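Each protein sequence line maps, in turn, to chains A and B.
Going from the first sequence to my numbering is simple: count from 1 and add 50.
Going from the second sequence to my numbering is simple: count from 1 and add 50.
Bear in mind the hints are in silico, worked out from the structure with no lab data behind them.
Every value quoted in this text rests on a predicted model; they were computed, and no experiment measured them.
Each hint should be verified, as a subset may be incorrect.
Stated by the list, open to error - Calculated cross-link-like contacts (lysine-lysine; reagent style DSS-like; alpha-carbon spacing at most 30 Å):
no.	chain 1	residue 1	chain 2	residue 2
1	A	K374	B	K430
2	A	K196	B	K526
3	B	K517	A	K324
4	A	K466	B	K119
5	A	K242	B	K430
6	B	K119	A	K358
7	A	K430	B	K393
8	A	K526	B	K193
9	A	K186	B	K374
10	B	K690	A	K452
11	A	K196	B	K343
12	A	K430	B	K321
13	B	K452	A	K437
14	B	K119	A	K400
15	B	K321	A	K241
16	B	K59	A	K193
17	A	K191	B	K242
18	A	K486	B	K517
19	B	K267	A	K454
20	A	K454	B	K432
21	B	K454	A	K186
22	B	K466	A	K69
23	B	K446	A	K193
24	A	K215	B	K343
25	A	K295	B	K454
26	B	K664	A	K437
27	A	K452	B	K452
28	B	K196	A	K102
29	B	K193	A	K454
30	A	K196	B	K324
31	B	K193	B	K393
32	B	K400	A	K454
33	A	K381	B	K538
34	B	K269	A	K452
35	B	K446	A	K374
36	A	K374	A	K358
37	B	K452	A	K186
38	A	K191	B	K400
Protein chains: 2
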Amino acid sequence: MELNTLNSKLNAAVKNRDKEAVLELLEQGADVNSQVDSGWTPLQTAVQNREKDLVELLLDRGACLHARKDNGGTAFTEAGIAGNVEILELLLERGSDINEQDINGFTAFMEAAWYGKEEALRFLYSRGAEVNLRRKTSEEKAKLHKGGATALMDACRERHFSVVKILVQEMGADVNIRDNRDRNALIHALKKGSSKKRYESAVSIVRLLLEHGVDVKSKDECGKTALILAVEMESPELVAALLEKDEIDIDDVDEEGNTALMVAVGNDDCKIAKLLCEKGARTDRGNLIDVAKRHRSLSMENLLREHKATFVPETPREWEPNSKRWRAQLKELYQMYRPMIGKLKIFPYKQQEIQDGIYLGLHGGTEVAVRKTLSAEGDKEKEFFEKCSHCEHLLKLFQSEKEKDCVYLCFPLWEKNLQEHLQDPGGQKDYKAALKMIFQALRELHCLRFAHQDLQPGNFVIDLGGKIYLADFGNKRRSIEGQEELVKSDLEALGRLVLFVLTGGRKPLQQVGIEDLAPNSPDYSEALDLVQSLSSRDERGLEGLSQHPYFWSNLSRFNFLKTIWNKIKDDPNKRSIFQDPVTKKTFPYPEWTKMIDKNILHVMENPRNVKRTKYSNAVTQLLRLMRNLDEHKDAEISKKIGDYAEYFLKVFPKLTIYVYNSLRRNPMCTHFADFQDPSL
Amino acid sequence: MELNTLNSKLNAAVKNRDKEAVLELLEQGADVNSQVDSGWTPLQTAVQNREKDLVELLLDRGACLHARKDNGGTAFTEAGIAGNVEILELLLERGSDINEQDINGFTAFMEAAWYGKEEALRFLYSRGAEVNLRRKTSEEKAKLHKGGATALMDACRERHFSVVKILVQEMGADVNIRDNRDRNALIHALKKGSSKKRYESAVSIVRLLLEHGVDVKSKDECGKTALILAVEMESPELVAALLEKDEIDIDDVDEEGNTALMVAVGNDDCKIAKLLCEKGARTDRGNLIDVAKRHRSLSMENLLREHKATFVPETPREWEPNSKRWRAQLKELYQMYRPMIGKLKIFPYKQQEIQDGIYLGLHGGTEVAVRKTLSAEGDKEKEFFEKCSHCEHLLKLFQSEKEKDCVYLCFPLWEKNLQEHLQDPGGQKDYKAALKMIFQALRELHCLRFAHQDLQPGNFVIDLGGKIYLADFGNKRRSIEGQEELVKSDLEALGRLVLFVLTGGRKPLQQVGIEDLAPNSPDYSEALDLVQSLSSRDERGLEGLSQHPYFWSNLSRFNFLKTIWNKIKDDPNKRSIFQDPVTKKTFPYPEWTKMIDKNILHVMENPRNVKRTKYSNAVTQLLRLMRNLDEHKDAEISKKIGDYAEYFLKVFPKLTIYVYNSLRRNPMCTHFADFQDPSL
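Bound-form chain A, shown alone:
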């Protein structure tokens, strides 16, 4: 057998108290000091099992007394937990140190106190264990206020009354030591810990500590006084016991500003509220009547009214949301009382609805949009959102909260969806910028190997900065793998969406058609071509069409046109380039020399210092003129027509697309059309 297997079997045999197997495995060469799990040795397990014989046997076979688990625990500290005096004695004989500590500073004495082992506690005490030792821990942990607790605190925390009694009465444990969180034994006794079962002993312990002069002003790490903790435990006995002490400040508040009475009313705990009111607790803090009303508790309300509580309408707290659109609703949400879902505050009713099934929320103070889903779906969504985290135009998840079988997905709050944005009468809209973002969003989604399948304006949201994000609120996306046709149907849908955007969202998405595009709208020719390319399942795909001339600036278009001449001037067949073999579309400006400003033509045909030239009506000649004009700028012309790019594109608006498509469709020239707008 392999050594690892042997060792694993040895540890299992010890756990199963199978002494025969242990001996056999040691015989076969298993390592008596091998460690499993978080560092347990066979010796430590035998100690845990309280098997003195086996402990002795293992020690005789070379088990190391001082071996440590990952947390620094030794056989001796483990013996403190087991509480077996014979084993403790044996280990001491063999050389264990009475005050041995693990990494967190636990000694065997503390462990015995924690686990309520009276006999062991007394034995360790008799052998000189330090009673008031505070747990020493690493500097790193001390910085986090860990450590510093004593055996007495452990016994209090775990509510072993008899052990507390022994510690205080027989061993003189100091009741007022504070741990590194500044909590004394009283606070430990009152903390909701792991030991709800021993709840009853809390009362006896607290009484005992009070008798021995414990300081009732210690607070826990959240600033809660002993009184508040007793109220949280819903124990009238404890509250009564503490209220007997004059030093108690009944109106002291925790870090969140809650008094003991506020906690009691919040718990709808009439019995304790009565004790507090009768001892004179202030009733004018925390709008108690409102809280009682929320619980529909008439008896609580009556009690509070007897003690002079009245309802005071809350003055709105100062707070200004970032969102402009949702300002009023957010302020309302901020103001109202709502039970929290983790860190999320939400009031999922019509008034707070952003769009179908999506509500406003405040997550840890951040304004969010919240969609609630069933857990299974929510977990799948979260997986998807993790993939999105590096995408610029896919909606990101901000946080999520779980409650019962539901998940609340919280998104950074947006101002509008695409439809609302387009239909908003105010403000100028940059359609081209919007479409650039929309194209990029879909490209990013396709990169993640998903097709969207629901490209409608409600799925595009826009933040305060005008940035557009693609969402999938209806959960319609599908994996592309093996289904490339889904990509194509996304592109068709994108074509419709482009029309919807360019027509300002005036018609519903399903009704808008190419005829709705106004021929005098800016970039009409380019836009038309883009939409047709999308809906004809053009082979360029989304990546290629993202570089479509529609997205180019006017300057880029002009630069594109004017560089063509240089590239083709030496080609004897240059005219045939522009005879489109597929569409047979002809040059839209067959008489361009008559359309262009006379002056330009004259100046260009009669250059200074060089011999005269002539420009024919061919498209190539127009390109030549544009190139020559731009290379040899003429002050007079500039004065007359202004910016060259603007001028030419205005006079010949169909030129760019005509040239671009002609080049693209000509196998010899496709590369000339590979032009990139530097801003894209």
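With chain A held as given, fit chain B onto it using these hints.
Relative to chain A, chain B alone:
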């Protein structure tokens, strides 16, 4: 008074039962139907107060009977909560509908059951309220499985035994209706709800339901059976009552695979574990012995052993971490048992430490690096991380968890820090790429208006993809506002860090000096100049130095040099450009014509078709030659010297920095040095 104020006062007066004030405010014009908070009207509040007189008065003054709160609740459903029969009767008389529902489908009858109002329940029943009505809710909420519950379920949930009895025995309520989560009344009676105080009645209710034939196989939304829920409630009576039923499947599991016995052992609940074991629950599921050992519970272990449980070493579950470096530790963490901190699994001991105070973790299955801080500090850090979220090279926060007064900050796990990366013998290291990322990181931090103040290799971490992120583990960063000198000290530190990187991290950061940079290392001249610029608090600042020639590619450097000639050739003072007024550094290659390949010089001085020319030893002439050569490429030369850029930079390695600095320092030519490597 303003109407809003009047209305607010009216509602407050009703809440305070101040009839006189109510009358006076109405007199003054307050709106009897004004709504406050989440839509409460004065009428609804008066109903809640059970003040029949005031209800009547408000109705007479025009209060709308059918007004709805935001959640759709009416005066009548509110009367069901209050349970006052006289008011219910009055509202019915005035026209309320007996089965009126709020948005969530609650009727007055359900409310009376929920709040334990027997008298009202009987009254509503007598007036024809539907007993077995299931709550109708919106389609959206029904999709989330909300709604469908009955009055009986409400009474069970809130543990009003007498109401349950009335519903079942007198009104014939159906015990086996299921809500939209598929839970019946039994499951509602066993859910840990808001009513821990009425815990005792759960036993009576469950007994009654069992007597009336309730289906014991119903499960809650997490797949928990009634038996598992009873075990969770730690109620031996309930467990015993359920175990009497033969239909119970004692080994049924919830969604997480837990049996009732596993839950009992997990709770260290010997009494219930005994009941289950004696009824034959399987002991071979969930490694119960291990769980009992974790609790150090010998009695539980003994009980389980009596019922044939044994310890079986767990076979490691299949799981492969993404991280290569931390593979072994992550697999260990994945395998071991750990109590969860929210969604975080962590074992904060040496074996799992990544670097000082930072431990491995698994957050919801994702590999993370975890730093624990005190809450106050953690919250401040989280605020900072939110600002970082759009930065590319600042370490981002993945998630955080809170426990007691500590916050666990979880970061995407990295493979190495910068020091470990540099010292790792394997793999080629691209120092330039690393420094680009480091510069960008610091630029991003400065953009957020923070100085780092602790730029040491441990604060740069590198992920699997080789991307570098800047962290601030020691919390040393400081706001720049009003302290611009902090930026400068960051730059000095950056200078040291650059040296540290370029020397492969061989010497500690504080000991490395400029003399450690090997003069034959690539980009030596540029690197030297960069370091000197950083440490001399150069006025270009971080932004400018990020465009330093060190970061340029060889091709870019060559392009930079060759374009200079065209820019200066017509300048009569071109030679003086290179007489540095500050450093007076002279041209490092005063005899460059002797250093360059003879062939090049010969070809360039004797061009074909053009007249012969001469190149002197001035730097400008070298630039001229580079320009001319590159413009008129010569096949023979190319064959001999290969790539021009590589050749010239190899023969004249100090040329780029010399030209660059000369131009930069000459007031007339600074702009010539504004060269951008297109990849930067």
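So, going through the hints one by one against the coordinates:
As the CA atoms of K374/A and K430/B are separated by approximately 26 Å, the hinted pair is consistent with the 30 Å bound. At most 30 Å may separate the alpha-carbon atoms for a hinted pair to count; K196/A and K526/B meet this at roughly 23 Å. Taking the CA atoms of K517/B and K324/A, the gap is near 62 Å; set against the 30 Å cutoff, the hint is violated. At most 30 Å may separate the alpha-carbon atoms for a hinted pair to count; K466/A and K119/B meet this at roughly 27 Å.
With a C-alpha separation of about 28 Å, the suggested pair K242/A and K430/B falls inside the 30 Å cut-off, and the hint holds. Taken as a hint, the K119/B and K358/A pair is honoured in the structure, with Cα atoms around 29 Å apart against an allowance of 30 Å. Taking the CA atoms of K430/A and K393/B, the gap is near 16 Å; set against the 30 Å cutoff, the hint holds. Of the pairs offered as hints, the one joining K526/A and K193/B holds, with about 16 Å between alpha carbons and a cut-off of 30 Å not exceeded.
Only pairs whose Cα atoms come within 30 Å are accepted, and K186/A paired with K374/B is rejected, the gap being roughly 35 Å. Taking the CA atoms of K690/B and K452/A, the gap is about 70 Å. The hint is violated against a cut of 30 Å. At most 30 Å may separate the alpha-carbon atoms for a hinted pair to count; K196/A and K343/B meet this at roughly 26 Å. For the hint linking K430/A to K321/B, the alpha-carbon distance of about 40 Å lies beyond 30 Å, and the restraint is violated.
A distance of roughly 25 Å separates the Cα atoms of K452/B and K437/A; the hinted pair therefore holds under the 30 Å criterion. For the given pair, K119/B sits about 11 Å from K400/A by alpha-carbon distance, which is consistent with the 30 Å threshold. Proposed proximity of K321/B and K241/A is supported: the alpha carbons are some 25 Å apart, at most 30 Å. Taking the CA atoms of K59/B and K193/A, the gap is near 51 Å; set against the 30 Å cutoff, the hint is violated.
Annotation: proposed proximity of K191/A to K242/B is violated, straight-line Cα distance about 36 Å (limit 30 Å). The hinted pair formed by K486/A and K517/B meets the criterion: a straight-line CA distance of about 28 Å does not exceed 30 Å. For the suggested pair K267/B and K454/A, the alpha carbons sit about 20 Å apart, so the restraint of at most 30 Å is met. A threshold of 30 Å between alpha carbons decides the hint, and for K454/A with K432/B the separation of about 27 Å falls inside it, so the pair holds.
Between K454/B and K186/A the CA atoms are separated by roughly 20 Å; this keeps the pair inside 30 Å, and the hint holds. Between the alpha carbons of K466/B and K69/A the distance comes to roughly 46 Å, so the proposed pair goes past 30 Å and is violated. Restraint check for K446/B and K193/A: satisfied, since their Cα atoms lie roughly 24 Å apart, inside the 30 Å limit. Proposed proximity of K215/A and K343/B is supported: the alpha carbons are some 28 Å apart, at most 30 Å.
This hinted pair checks out: K295/A and K454/B have alpha carbons roughly 28 Å apart, not beyond 30 Å. Proposed proximity of K664/B and K437/A is contradicted: the alpha carbons are some 63 Å apart, above 30 Å. With a CA separation close to 15 Å, the supplied pair K452/A and K452/B stays within the 30 Å bound. This hinted pair does not check out: K196/B and K102/A have alpha carbons roughly 58 Å apart, beyond 30 Å.
With a C-alpha separation of about 15 Å, the suggested pairing of K193/B with K454/A holds against the 30 Å cut-off. A threshold of 30 Å between alpha carbons decides the hint, and for K196/A with K324/B the separation of about 37 Å lies outside it, so the pair is violated. As the CA atoms of K193/B and K393/B are separated by approximately 26 Å, the hinted pair is consistent with the 30 Å bound. The straight-line distance between the Cα atoms of K400/B and K454/A is roughly 36 Å, outside the 30 Å bound, and the hint therefore fails.
Straight-line distance between C-alpha atoms of K381/A and K538/B comes to about 43 Å, which puts the hinted pair past the 30 Å bound. The suggested pairing of K269/B with K452/A holds, with an alpha-carbon distance near 20 Å, which does not exceed 30 Å. Annotation: proposed proximity of K446/B to K374/A holds, straight-line Cα distance about 28 Å (limit 30 Å). Distance hint between K374/A and K358/A is unfulfilled; the C-alpha atoms sit about 41 Å from each other, more than 30 Å.
Restraint check for K452/B and K186/A: the C-alpha separation of about 24 Å stays at or below 30 Å, so the hint holds. Pair hint K191/A plus K400/B holds up; C-alpha atoms about 13 Å apart against a cutoff of 30 Å.
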